[in-house]
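Chains as they are written, first to last, in this note's numbering: chain B, 1 to 130; chain U, 1 to 135.
Mixed in with the good hints, there may be bad ones.
With the C-beta cut set under 10 Å, the calculated list includes, among others, these residues of chain U facing chain B [claimed, not checked]:
id	residue
1	I18
2	M22
3	M26
4	G35
5	L38
6	T42
7	I50
8	A52
9	P55
10	W79
11	L81
12	V89
13	D95
14	A110
Not close to chain B: a few residues of chain U, all C-beta gaps over 12 Å, as computed [to be verified]:
id	residue
15	E9
16	P14
17	M25
18	F64
19	I69
20	P102
21	E104
22	R105
23	A118
Please keep in mind that the hints were generated in silico from the structure rather than gathered at the bench. Just so you know, even glycine gets a beta-carbon here, dropped at the ideal spot from N, CA and C.
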Amino acid sequence: MSDLKHIRTPLARVRGSGSARSGTGHFWHQRLTAVANIPLTIAVVIILITLLGRNQAAAAQILGSPAVSIIMLLFIGSIVIHMKIGMQVVIEDYVHDESAKLTLLMANTFFSIAVGLAAVYGILKLSFGL
Amino acid sequence: MAETRIPAERPLSPHLQIYRPMLTMMMSIVHRITGIGLYFGTLLLAWWLIAAASPNGYARFEWFADSWIGRLILFGYTWALIHHMLGGVRHLIWDTGRGFGPSEREWLVAANLIGSIAITLVLWIVGLLAMGGPR
Numbered sequence: 001m002s003d004l005k006h007i008r009t010p011l012a013r014v015r016g017s018g019s020a021r022s023g024t025g026h027f028w029h030q031r032l033t034a035v036a037n038i039p040l041t042i043a044v045v046i047i048l049i050t051l052l053g054r055n056q057a058a059a060a061q062i063l064g065s066p067a068v069s070i071i072m073l074l075f076i077g078s079i080v081i082h083m084k085i086g087m088q089v090v091i092e093d094y095v096h097d098e099s100a101k102l103t104l105l106m107a108n109t110f111f112s113i114a115v116g117l118a119a120v121y122g123i124l125k126l127s128f129g130l
Numbered sequence: 001m002a003e004t005r006i007p008a009e010r011p012l013s014p015h016l017q018i019y020r021p022m023l024t025m026m027m028s029i030v031h032r033i034t035g036i037g038l039y040f041g042t043l044l045l046a047w048w049l050i051a052a053a054s055p056n057g058y059a060r061f062e063w064f065a066d067s068w069i070g071r072l073i074l075f076g077y078t079w080a081l082i083h084h085m086l087g088g089v090r091h092l093i094w095d096t097g098r099g100f101g102p103s104e105r106e107w108l109v110a111a112n113l114i115g116s117i118a119i120t121l122v123l124w125i126v127g128l129l130a131m132g133g134p135r
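Use the sequences and the hints to build the structure in full.
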C-alpha cells in the first residue's frame, strides 16, 4: 500500500472523495422545498382552522378526503426534506467532533424518515378508512 | 488509504460574541432556532394525524392541546411556523441578490418580525372564534 502511494498521482488520490458533482444539491433542494412549503403551509393552516371545534369523526372525514389528504402528503414530503437538510446544516456548523457529528447526522436521517412516515401513515389510514 | 493530518492551529474567524448585536444577525439566529423548533414540532403533527383515526386517540390529543402547556406549545409552534416562513421569503428575496441595501435589509427583518407576530395573533383569534370562543 505504501509503495502504491508513490505511483498514484495527487488527482487519483482525491478522485471519488469529493462532492461528486452534487455540491449544490442540498442548496438547491433546500430552496426548492422552501418555495413548495409556502403555498402548502398556507393550505395546511386553512385546513387546520376549518377543523377546529369539530369532533373526531368530522375531522377524520375532512382529513381523509382526497384533496385534503393529497395536500397533507405533499406538505409532509416537502417539510421533511427541508427540515432534514436544515438540521444537517446546523449539525455540520456546530458539531466538530467527527464521531459525534456522524452519529447526529445518522440520527437526523432516521428521525426525519420516521416522523415523515408516521405522519404519512396517519393520513393514509384516514384516507383509506381503515 | 486517506492520509490523516493534524490540522494546523490557525486563528479562527471572529464569531458571534465579537460583534455588536444587530437586528439582521439576531433574526438570522431566530430563523435557525424556529427551524429547529419546527423540526421537533413535526412530532406533534404526526401524533395529531395518527390520533385523528380513533375517538380515544383524538380525545387524548385534545386533552393535551387544551392544557395550558399544550396551548403554549401550539402558540409557539404557530409563531415559529409563520416566522420561519416569512424569514424564508426574506431569504428567497436575498437569493435573487435584491434587498441588501442598508435600509432595505432592516425593513425586511422588521417586516418579518412584525408580520409573524401579527399573523400569529390573527390566526389565534380566528382559531379561538372557530372553536366557539375562549374555553
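Going through the hints against the structure:
no., hint, result
1, I18, "violated, 17 Å"
2, M22, "violated, 20 Å"
3, M26, "violated, 17 Å"
4, G35, "holds, 5 Å"
5, L38, "holds, 7 Å"
6, T42, "holds, 5 Å"
7, I50, "holds, 4 Å"
8, A52, "holds, 5 Å"
9, P55, "holds, 5 Å"
10, W79, "violated, 12 Å"
11, L81, "holds, 7 Å"
12, V89, "holds, 7 Å"
13, D95, "holds, 7 Å"
14, A110, "violated, 20 Å"
15, E9, "holds, 14 Å"
16, P14, "holds, 16 Å"
17, M25, "holds, 15 Å"
18, F64, "holds, 14 Å"
19, I69, "holds, 19 Å"
20, P102, "holds, 25 Å"
21, E104, "holds, 20 Å"
22, R105, "holds, 19 Å"
23, A118, "holds, 14 Å"
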